[in-house]
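Construct the complete structure from the given sequences, taking the supplied hints into account.
Residue numbers (the numbering used here), protein chains in the order written: chain A, 1 to 334; chain B, 335 to 750.
By construction, these hints were calculated from the structure, which means they are not laboratory data.
Watch out, some of these pointers could steer you wrong.
Unchecked claim - Distance ranges between label pairs, derived from CB positions:
no. : chain 1 : residue 1 : chain 2 : residue 2 : range
1   : A       : 12        : B       : 385       : 55 to 63 Å
2   : B       : 529       : A       : 10        : 50 to 58 Å
3   : B       : 647       : A       : 145       : 41 to 49 Å
4   : A       : 24        : B       : 571       : 22 to 30 Å
5   : A       : 10        : B       : 571       : 17 to 25 Å
6   : A       : 8         : B       : 529       : 34 to 42 Å
7   : A       : 246       : B       : 360       : 44 to 52 Å
8   : A       : 104       : B       : 468       : 44 to 52 Å
9   : A       : 10        : B       : 576       : 41 to 49 Å
10  : A       : 13        : B       : 360       : 51 to 59 Å
11  : B       : 344       : A       : 320       : 15 to 23 Å
What the hints assert, rightly or not - Below, a list of computed lysine-lysine pairs in the PhoX-like style, where the Cα atoms sit at most 20 Å apart:
no. : chain 1 : residue 1 : chain 2 : residue 2
12  : B       : 425       : B       : 458
13  : A       : 136       : A       : 232
14  : B       : 415       : B       : 425
15  : A       : 104       : A       : 81
16  : B       : 425       : A       : 141
17  : A       : 136       : B       : 347
We put the beta carbon where it would ideally sit given N, CA and C, even for glycine.
Listed below, chain by chain, are the residues.
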Amino acid sequence: MKGYAKYFGKKLVWVLITLIFAFLLNFILPRMMPGDPVAVITQRATQGMTSASAVRSVYEQYQELFGTNKPLLTQFVLYIKNLAHGDFGISFSQYPRPVGEVLKSSLWWTLVLQLPAIIIGWLIGNILGALAAYLKGGYDKALMPLSIFASGMPAFGMAVILLVIFGVKLNWFPTSGGYGFDMIPNFSWAFIWSVIVHYMLPFWSIVLIIIGGQAIGMRSMSIYELNADYVKYSRFMGIKDSKIIRYVFRNAMLPQITGLALAIGTMVGGALVAEIIFSYPGLGYTLLNGIMGQDYPLISATTLIITVMVLTATFAIEILYGFIDPRIKAAQSD
Amino acid sequence: MKHTLQQVFHSPKFVVGFAIFMFILLAVIVYPLFVRAEPLAIIAQGTFFEPGIYVNVYDAIGSPPYILHLDDAAAKRIAGKLGDQERQDMKEWLLADGIPENEIDITNTEQLMDQWVNNYDRTKQVPGMTYAKQRYYQRLDASLEGILATEGVTIAAQNPATGALEETGTVAQSDYANISQVPNVRLLLLGTDNFGRDVLTELISATGTSLLIGLVAGLIATTIGLILGLMAGYMGGVVDDVVMFFTNIFTVIPTFVLLILISYSIGQEKRGAVTIAVVIGFTSWVWTARAVRAQVISLRNRDHVSLSKLSGHPIALIIFTDILPYIASYVIMALILQISSAILAEAGLSILGLGPKTTEVPTLGLMMNWAMIYQAHILGKWWAYFPVIITIAMVSFSLNLMNTGLDQVYNPALRE
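Next comes the structure, spelled out in structure tokens:
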């Protein structure tokens, strides 16, 4: 158990260091933007006002409110304070709502959409890839180019194609939103059904893309393992094929798990754009609104949440990996 | 070198990928030589014109007429205005008007038109019919006027002095114009987009820009990754620790988030295509650095490198002659992957509204962004978005295919 503690401790330290870096980047980068975001929202708020001094005082009031007139260090303290409160400051574009409130609901939509999609896509992809390596022949020849094509396809491209075929042409599924636009979220069957129906297209567009990439990786890994000496030796020993296969795929699976930990950030990025195509009320759509509304508290909070999500997922996978791969424990207890 | 190339071109995957990529590249280079139109010039008044050959009507009337007697001309002319849907709609109206169903035969054009002309009244209110539907019937009625006529039409011009119309000629129903004699014919193979621009010309130019973005970003990322990887791997010690510290951090922070933050911080005004490429390049070197470092570490203690060291060769020479050739194939594969993921990254950024500024050059991502904003996918204007998706997918498919082919050549374990 001591070996594990060391392994997890090391991983945890890395997560924390990365998190601090992410905080800093999130704070600094948007503030390097040329132009004055407060001027933009003042302009919006003072439309029709003619008196320059009135505009001036509104501007100053906003500056005071958002803290943009203070030195960077004070702003940083303010940023940390807002973070600790969990409200991330006040949104520019949806003033006076706090950013935390804007993000609260969209975070759940994204989590419920992307987490299952990535896991299921990863599972199906690995099974298909392993089958391709094992069966070879026609199945492999058909699956490989398809997988390469799917993994090269941008997530939004797949989203648009599914949307046009199943949403517009066949009219099986609705084309936008997270639930019927005429509904109020509640726990009735009608609402849940509406959510499920709206879920289908975004979900499958993410799953299909992930299947492609994972199938390619798993196929290569399985071919490596199938050609390994221990497989040949086991065959000489007359061990049953089904038993060998189990070892082979367990070994091939390990790099795939690390691969998932490293690729999850990219996957989430692609999936966020797919959300936008479907106007799904998740973080991707919120991010788009933030960008359109020049709302940097919203943007920086969204990117921070995405980073934290990805970091947590990576950490979780690494913990899991530590338990699955016996070599980790062996290496640490030396 | 020659042998390696031969081997590479024996891999069917590489050859197919290479052929697709070359086809796209050739199209980008050759097309502008023939069509010298500005890719962003607005030529159409209105949005989303369908793909097709656009013949100038004025010129067609003015070009020499040829008389052709074709049997099915009249039938086609009627079918063009009176399709199955229109016949159904007419039947619906007539039924609502009180004409018994067994008297209406929608396959008998003459009888149907007769009933329509005798019964349709544009002012009549049919109970339960929406206003839009009423307007539709009014338009249908107007378009059907003279559909069964067999005479030609008279062309008249206005006399500038008196303002009266004077007959200048007639066009008979059997008159044809030879399309090669009509001076103004424009082929819009992919129609026009939401701003009224020729989609094909725009697409070719956008593909060129996107490939350029991919290349610039890929080269930057690969160069940074290669240098850092070499330094960390070969020098080891403190350099290795520092490089690995940053590499570890940037592997976990999602690149996409960094891209969004940086692109946003640059501001709309300063975001050109090359700027975006540089930003993508500077955020995606991590993978190459990691991989190069791992390779260099395994090479560092090989005999031939030790021999070079003992012979007192300078570090630069050792790196160029004893290390780089061994990792060259790997670096090229990494470069190809970087190019394809940079093209995808640009597209993703553009959809978010963080792509290159929109006034200078089109990119594949921007075209997609415009099509999405104007809801081309909902409106069924496939030519505005589908070719763009296919182009992006084909570019990255061909690059990935080349990469898989190379992998099989250089990686004996993967050979079939």
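How the hints compare with the structure:
Checked against the given bound of 55 to 63 Å, the beta carbons of residue 12 of chain A and residue 385 of chain B, roughly 58 Å apart, stay inside it. Look at residue 529 of chain B against residue 10 of chain A: about 55 Å separates their beta carbons, and that is inside 50 to 58 Å. The given range of 41 to 49 Å is respected by residue 647 of chain B and residue 145 of chain A, whose C-beta atoms sit roughly 46 Å from each other. Between residue 24 of chain A and residue 571 of chain B the beta carbons are some 27 Å apart, a value that agrees with the proposed interval 22 to 30 Å.
A C-beta distance of roughly 20 Å is found between residue 10 of chain A and residue 571 of chain B, which places it inside the suggested range of 17 to 25 Å. The hinted range of 34 to 42 Å is not satisfied by residue 8 of chain A and residue 529 of chain B, whose Cβ atoms lie roughly 56 Å apart. At about 49 Å, the CB distance of residue 246 of chain A to residue 360 of chain B agrees with the hint of 44 to 52 Å. The hinted window of 44 to 52 Å between residue 104 of chain A and residue 468 of chain B holds, with their beta carbons roughly 47 Å apart.
For residue 10 of chain A and residue 576 of chain B, the hinted distance range of 41 to 49 Å is not satisfied, since their beta carbons lie about 18 Å from each other. Under the hint 51 to 59 Å, the C-beta atoms of residue 13 of chain A and residue 360 of chain B, about 52 Å apart, fit the expected range. For residue 344 of chain B and residue 320 of chain A, the Cβ-Cβ distance of about 42 Å falls outside the hinted range of 15 to 23 Å, so the restraint is violated. The straight-line distance between the Cα atoms of residue 425 of chain B and residue 458 of chain B is roughly 16 Å, inside the 20 Å bound, and the hint therefore holds.
With a C-alpha separation of about 18 Å, the suggested pairing of residue 136 of chain A with residue 232 of chain A holds against the 20 Å cut-off. As the CA atoms of residue 415 of chain B and residue 425 of chain B are separated by approximately 15 Å, the hinted pair is consistent with the 20 Å bound. Between residue 104 of chain A and residue 81 of chain A, the direct Cα distance comes to roughly 18 Å. Compliance with the 20 Å bound is thereby established for this hinted pair. Taking the CA atoms of residue 425 of chain B and residue 141 of chain A, the gap is about 54 Å. The hint is violated against a cut of 20 Å.
The suggested pairing of residue 136 of chain A with residue 347 of chain B holds, with an alpha-carbon distance near 16 Å, which does not exceed 20 Å.
Hint violations for this structure: numbers 6, 9, 11 and 16, all remaining hints satisfied.
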